[in-house]
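Protein chains in written order, with the working numbering: chain C, 431 to 518; chain S, 431 to 518; chain D, 431 to 518; chain V, 431 to 518; chain U, 431 to 518.
In short, the hints are calculated from the structure, not lab data.
It is possible that some hints are incorrect.
As the list claims (entries may be wrong) - 27 Å max Cα-Cα, derived DSSO-like pairs, lysine-lysine:
# : chain 1 : residue 1 : chain 2 : residue 2
1 : V       : K463      : U       : K453
2 : V       : K463      : C       : K453
3 : S       : K453      : C       : K463
4 : S       : K453      : S       : K485
Claimed, not checked - Stretches of chain D that chain U covers, calculated by requiring three or more beta carbons in the stretch to come under 8 Å of a beta carbon on chain U:
# : stretch
5 : 436-444
6 : 449-459
7 : 471-477
8 : 481-495
It should be emphasised that the depicted structure is a prediction, and the values quoted were computed from it without experimental measurement.
A virtual CB, placed ideally from N, CA and C, is assigned to each residue, including glycine.
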Amino acid sequence: MEIGTVIGNVWATRKKEELRGLKFLIIQPELPKDSSVENVTYIAVDQIGAGVGDKVMVTKGSSAANITPDSKLPIDALIIGIIDTVDA
Amino acid sequence: MEIGTVIGNVWATRKKEELRGLKFLIIQPELPKDSSVENVTYIAVDQIGAGVGDKVMVTKGSSAANITPDSKLPIDALIIGIIDTVDA
Amino acid sequence: MEIGTVIGNVWATRKKEELRGLKFLIIQPELPKDSSVENVTYIAVDQIGAGVGDKVMVTKGSSAANITPDSKLPIDALIIGIIDTVDA
Amino acid sequence: MEIGTVIGNVWATRKKEELRGLKFLIIQPELPKDSSVENVTYIAVDQIGAGVGDKVMVTKGSSAANITPDSKLPIDALIIGIIDTVDA
Amino acid sequence: MEIGTVIGNVWATRKKEELRGLKFLIIQPELPKDSSVENVTYIAVDQIGAGVGDKVMVTKGSSAANITPDSKLPIDALIIGIIDTVDA
């Protein structure tokens, strides 16, 4: 999982039918200070009430679809936790 | 999911039988202004009527195959929404 | 999916038993002109009769294993189409 | 799998319900000496008792979710072993 | 799949129970001559008798877990063949 910060929302009226009702948030990945890696944002689904400014844990790839027991959704990033503390 | 713009079509007469009828579009990923990351385009399947010029949300990886309940297709990128607004 | 060109073959007599009979081709990814990304080739399975010189559409990742309804094969790249035209 | 070192913990009270009880550790990937690749840390689930300072083997991607026979968890990195020796 | 060379072994006494008996080898990816990509090694599971010095084909990602019909293992790289010849 990677750490990121929620920085916004995405609105898409026309979308895959089975995705109606899902909340799509924009994530800015957290990088080391003085990083030379470019900070390319991406979109993650939220089901735990994260909002702009929250530091979150994000699962990427097809594991993000492991949120429904039966048919899986075509999503590749999911917020799985709102971070309280990082102890490193 | 990542944000991209539809910039074209791909035609392939000879293809895996189970992919007949699918629409394949070329996606240009959206990068930050002044980005030094190279903008390498890729191909995504469209089932929601996206067309050239549309800004879209794309699911990448094997989650893209989560569009059929039973047997999954060998595809790794799927347009899941046409973006109205990005609020960031 | 990404676009590439078939540039060769790989032969491996000793391999996983369930992969016997599969054709393994070397793919050179297509990059933008003047690209600074390095062109690292990889191996993809072919089931549609692609050959050296063909421009192909390749599915990467675990979706490449979606070619058998039941037990999936341990492969991570599959040629899914031979490209006629790219309209971009 | 990749080799990394456990360098800390992450605490997240608000998280996906099915992840309660899991331990989340911060991993620093091991890179070659004089590497110019940037050392971006990530979070992995631990179920074998790894702790800060341990050199571990980490499985990334959706294979990390292969820890429960039935419903899979939305996690994308898992510590699978604590390394005794690397013979290279 | 990618091409690499086996350069060593990894030993981990404490590991996930279901991984006991698996052989873990260190793989050095093969890169183009004069490549500027950094050669970061990784660990792959071997079930076909590969050894140090062998040039091998490696499947990466969750397809690597497609080696057991029923419950999948948490592994993300698998040696699927020992290469005889590359014809490119």
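Checked hints:
1. The suggested pairing of K463(V) with K453(U) holds, with an alpha-carbon distance near 26 Å, which does not exceed 27 Å.
2. With a CA separation close to 43 Å, the supplied pair K463(V) and K453(C) exceeds the 27 Å bound.
3. Taking the CA atoms of K453(S) and K463(C), the gap is near 43 Å; set against the 27 Å cutoff, the hint is violated.
4. Taking the CA atoms of K453(S) and K485(S), the gap is near 17 Å; set against the 27 Å cutoff, the hint holds.
5. Under a criterion of three residues with beta carbons nearer than 8 Å to beta carbons of chain U, the stated coverage of the stretch 436-444 of chain D is upheld, 8 such residues being counted.
6. With a cut-off of 8 Å between beta carbons, the stretch 449-459 of chain D has 3 residues touching chain U; three or more are needed, and the interface restraint holds.
7. Closer than 8 Å: that is the beta-carbon criterion, and the stretch 471-477 of chain D has 4 residues meeting it against chain U, so the requirement of 3 holds.
8. Only residues whose C-beta sits within less than 8 Å of a C-beta in chain U count toward coverage, and the stretch 481-495 of chain D has 4 of them, enough to reach three; the restraint holds.
Of the numbered hints given earlier, the model fails hints 2 and 3; all others are met.
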